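Can you build the whole structure from these sequences, using the hints too?
Under this note's numbering, the letters of the sequence shown match residues 8 to 111, in that order.
Be careful, since some hints might not be right.
[Unchecked claim] Taking CB as the label site, the calculated pair distances span:
no., residue 1, residue 2, range
1, Glu89, Ala53, 32 to 40 Å
2, Asn36, Glu89, 31 to 39 Å
3, Pro91, Ala53, 26 to 34 Å
Read the hints as simulated data drawn from the structure, not as lab findings.
Keep in mind it's a predicted model, so treat the numbers as computed, not measured.
Yeah, the Cβ is synthetic: ideal placement off N, Cα and C, and Gly gets one too.
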Amino acid sequence: MKIRLFAAPALLLLVAGCQSMMAPTYRNNVAAYGSQWFADAGHPLAGPLACENQGDAVTLVCTGTTTAGKAATMSGVLPSAENPGAPFVGSVAGNRVFTARMPQ
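Have a look at this one:
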C-alpha cells in the first residue's frame, strides 16, 4: 500500500517534468511551420519566429520580421487530446495573410 501512495506523486512529478521539457520543442515546431506558412503566403521571414506561451499554457504567440522589414505575428491554440486547437493566424503589418492548422 505504501508503494502505491508513493508511486502516484512520483508519477505526477515525472509527467509534469516531461510536459515542461516538451514545451520548447513544441514551440520550435510551431515556429518552423509558421515560417513556412509566412513564406507560402508570400511573406518570407528574415529569421526564425520567437514563440512564447501567452496566458494559459495552450495559447502560443509568435513574432518575427519579414525580409521586407515588416512585423510578422502569428497566434493560435495548441491542439491536445481534449481540444483540437484553434487555427494559427498569421499577420504582417497588422494584415491577416494566412490561417492554418498544425498537422495532426
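Verification of the supplied hints:
Checking the proposed 32 to 40 Å range against Glu89 and Ala53 shows it holds: the Cβ atoms sit about 36 Å from each other. Restraint check, Asn36 to Glu89: a C-beta distance of roughly 20 Å breaks the suggested window 31 to 39 Å. In this structure the hint that Pro91 and Ala53 lie 26 to 34 Å apart at CB holds, the actual value being about 32 Å.
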